[in-house]
Amino acid sequence: MARYGMAIDTRTCVGCMDCVVACKTENRVPEGFNRDWIAYEAVGRFPTLHMEIRSERCNHCDNPPCVTCCPTGASHVDQFGRIVLVTHEACIGCKACLASCPYDARFVHPDGYADKCTFCAHRVKDGLDPSCVAVCPTHCFTFGDLDDPNSAVTKALESRTAHPLLPAAGTRPRIFYLD
Amino acid sequence: MDSLSRRRFLRISAATIGATAAAGGLAGHLAGQGTATASGPSGLQKIPTFCDICFWKCGAIAYVQDGRLWKIEGNPDDPLSRGRLCPRGTGGVGAHVDDDRLKAPLIRRKQRGEDVWAHVTWDEALGHIAEKMQAIKARYGPEAVALFSHGLGGTFLKHTLKAYGSPNIAAPSFAQCRGPRDVGFHLTFGEEVGSPERTDIRNSRCLVLIGSHLGENMHNTQVQEFGEAIAKGARVIVADPRFSVAASKAHHYLPIKPGTDLALLLAWMHVLVTEGLYDKEYVAQHGFGFEAFAAELTPYTPEWAYPETGITPEVIRETARDMARYRPATLVHPGRHATWYGDDTQRSRAIALLNALLGSWGRKGGFYTPVSMDIPGYPYPPYPKSDKGKVDNPGGRYPFALESITTGIREATITGKPYPIKGWMTYATNLMMALPNEAETIKAIQALDLLVVVDVIPTEMAGWADVVLPESTYLERYDDVNPEVFREPFVSLRQPVVPSPHDQKPNWWIARELAKKLGLESYYPWKTIEEYLEVRLTRAGLSFAELKQKGIIHGPKQPVFYDEGVAPEFPTASGKIDFYSTALRDKGFDPVPKFTRPAEPPEGMFRLLFGRSPVHSFGRTQSNPILNEMMAENEVWLNADVAARLGLEDGRYVRLRNQDGVVSNRVRLKATQRIRPDCAYMVHGFGHTAIRLRRAVGKGASDAQLVTRYQTDPLMGGTGMNVNFVAVEAEA
Amino acid sequence: MTPELFLTRHNDLIDPLVHVWSWQIPVYLFLGGWVAGMMIITGYFMLGGRHTRRSPLLSALPGVGLVLLSLGMLALFLDLEHKCYVWRLYTTFQWTSPMSWGSWILLLVYPVLVLTWMVRPPVILEDLSQTIERVSGALQANRQLVRAIGIASMIIGAALGVYTGILLSSLGARPLWNSGALGVLFLASGVSAAAAFAHLVTRSPDERALTVRIDNVVLASELGILTLFLLGLLAGSAPQVEAAGLFLGGPYTAPFWVLVVALGIVIPLVIQILAARHLIQHTPIAPLMVMAGGLALRWVIVSAGQVSHWAHGAMRMH
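Chains as they are written, first to last, in the numbering used here: chain A, 1 to 179; chain B, 180 to 911; chain C, 912 to 1229.
Fair warning: there could be bad hints in the mix.
[Unchecked claim] Here are the simulated DSS-like cross-link-like pairs (lysine-lysine), alpha carbons at most 27 Å apart as the crow flies:
no.: 1; chain 1: B; residue 1: Lys622; chain 2: B; residue 2: Lys316
no.: 2; chain 1: A; residue 1: Lys155; chain 2: B; residue 2: Lys411
no.: 3; chain 1: B; residue 1: Lys341; chain 2: B; residue 2: Lys543
no.: 4; chain 1: B; residue 1: Lys543; chain 2: B; residue 2: Lys337
no.: 5; chain 1: A; residue 1: Lys125; chain 2: B; residue 2: Lys225
no.: 6; chain 1: B; residue 1: Lys564; chain 2: B; residue 2: Lys411
[To be verified] According to the in silico footprint, chain B covers these stretches of chain A (three or more CB under 8 Å from chain B):
no.: 7; region: 2-12
no.: 8; region: 31-42
no.: 9; region: 105-112
no.: 10; region: 163-175
I should point out that these hints are in silico values taken from the structure, not numbers from a laboratory.
Remember, it's a predicted structure, so these values are computed and weren't measured experimentally.
Note that CB positions come from ideal geometry on N, CA and C, so glycine has one too.
Please take these sequences and the hints and turn them into a complete structure.
Below, the structure written as structure tokens:
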């Protein structure tokens, strides 16, 4: 079975938030909540500055602390693409997973369960890209099977250096930012 | 003449208006409750149309689930969007579900600006307007009614106004935005830059941006091509007082002093000419007056430009040489909103000249020659002729204006010269935020017998109106056919994907019904809009049914570059590229641009600059619940070291006071390294005062309110707005 | 150079700082720790054969424990955002989740508490029910069984007292909690709160003296554990050092040193030592301070822990 991940090109990302808006409408994300967001990180002193812009979301980690801490198994690594998902009817809303995520990727849906990016599993099952990937005007996302040596995402990661977020946290995230 | 007591804005009292439709927040709408359609088809429909959140007209596909709007994606067949909408278009669902939308026609019942309104029928509203318009026509002539219109949806209202007999139709996008740029290029190449700009960014190997902040400025196609160019390794040079997103992608970031871009451009041209790096063959073949032009450049050395701009001579030379290295695929972007300092036509002309030196006009990676499909207009009767002529530019005061000057109409409305203007109609433009110095706009409004505002949301301008007409959003209506002028020819269709939730009507219906009330039925021989569209398309040999189904019909591909066979043509005075402009000289202007040093900010003040956010369009999207969530308020950017010296910490609320004592609404301070110490920057479109815009009112500060001074460009009447200064004060 | 970091995210309970757990969790932790301490003390008493004679504590503590634990679990329940599905905790056992462990441990606590209470129940209950009188009689006669119950009470009590600390320390994203000392700290705090409660309510001078001694020993060791806790953070990774800073100059410095350390441990410890040596009168103020200090400890740790974060640099949320 596949192991889905992403490569996101920080050179071409302009931080326009299209991915945030697309996710919101596609997934009917409730008002006031974000499954994904933009981080603008600027360093230096005017005018010698460097800025990295990142579209961030749940990293669907290979060592997900949100899964190990869940007392009911609602938060789980799904067979489909090893995407990390929450079974709504098994979630009790204890919020341990929210506290366990070093990326602050989760939130409590107004209906009571823990919610986050799902890699648009419902779209990927139909052969489509996640909606953030599909909408990006600068095509900075590559999504696919990290275990497939011929997938676009594997090739992207082989072509340039990349860094995941908070690698020392031990979560083994599956989203990589191309330098 | 109506006087007004106090400015208050559109507040619809429950007593006079019927209960508004129940609406339960965005999640409710998105989940399928809220403004429901009565009986819609079940299942998923995908209906093609094109977006109207800005003016780009990206092809879109609306997904309607069980009769309710779910999401909007780009139309993969559309050359502008290429299947991907920008964040505003993607958030277009919010425009449809916005519960602060205008819902029914309104007539004011008391003094203008006192905001006591009555909900009336369309018949009553349009009857009232027609009555007033006939009265104005009888007393002053039909020229006394002016239309301010922005966007494709204005075409039918323009038709009605012309049929009525007025030539005074203007869009703020000329004198308040791209006008100087188009005139500057027109004076040089004989053609305007156009919209969408004829820039071949995706093939550029060197892209130069002067203040242009692509990525925050979200012209969809250009941002897509910007991404492409970066991915291909294009060299990016950015000159901007602010370290924009584009600046963060640049190989060379030039932290230029505001108002000195022209000095930089002249120095660049000086380097190219003196070092012989320009495209000699291209200039020899296509240029006129090059020697005189080169002579004028002599004093503009990089050493001369350095103290003016703050950019070192080494960087000026290096970047000039970089541009030359990649020519002719070097594009010095013409920008869009160009009304900065009052010498903007000459600055834009300098950009045009720089491109001419690099040989990029008509070449791949530079500027293509746009093409379009020919869709003949509807066969209408001829419009009545006006003896008076247009009011906006009496005596050709601005000799090179290519379009009507909005602020010229405003001035005539205030002074009554050259003849009185007694009626204004606005379509999809919030003049209170679009025109500089709102005091003058208010003064003009006071002189009117009639002010009609046609819009989707209750803006500040609507608050001043006599009659407010609620328009359907683009998702709920047909508009005129759109034969796009672009790199390839195609025609796109806007059609309804969901019905209007209340008593809103499309612009074509409003224009037609008003025309009928004015006795101008003969100008509307078609019975339905479909009939109109069918006629136009059939005359062009196209199928309306096919266009409805696909949203886009392509024309045959045509060459767009000289190398592809396009014949170079320059409709200038000389018939060639005017390096030296005799047309300018003959009118007493500089034939080659000259630099004017801008004023220094007064002690303790900062030059006020403004720009764009990728999730908003001007002041028209702050009410959209999705886009409001993305950015609910703007911030004022101040250099972090300056803020520290002023004792103002990042994130606190402050107020801005301009040189004329106007104080802004409270606004959050962004203390950042990403801006020069001598300026302050804000995103335009916030600080709404229209209280009916519940989500947007009082959020952030309005740059427009602080633009009390402006410099009028003597060539074409553009209003340079970057000439105001602000002090930053802690909010008590 | 500190980077400027700006996020467009603004999720409730997460931004600008994580605060998913407010009063319900510290209250439960406090009550749970208190009950755990009481289970250990009563278990210890049973191992020592104290059930063979009248024991106010053996008669009272298990009953109090049943009430407090129920209140604590009510607090936990109130914290849940998806309450109708709470039964899902008991359809599975997730061995990697300390919370799953805890939910099953809590189930075991009840029968153990009931059994403990049956060993030396209060006279009122014996008067009310013949069954209780018979059961307690049988238990008191069977010393081996009572020992076993005592051991079970101590083990389950220890598990109850420790698992919450392990739960927090297993959430690696919160560097402040990333300490092996947390479980022991909570256990010690629970025992000291229970001991303080015990010597506050018992009418037996003998029991009081014993529980005061237990309390003082555990309070003193708490100081040691807290020291190891802080030192461990300071010797750890950068996020852990930054987390320790919350108590060493950061926003939680005063609550920690004043409420938890001074008022919750040091001052009552001094008072109780002096009272034990008969240098001053026994006063209920000291044990009350110990108990309040136990609640303050939970509150400060839970609150500060959520604030502690893996990312560095200036953060500002939309």
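Return the numbers of the hints above that this structure violates; sort them in rising order.
Checked against the structure, the hints that fail are numbers 3, 4, 6, 9, 10, while the rest are satisfied.
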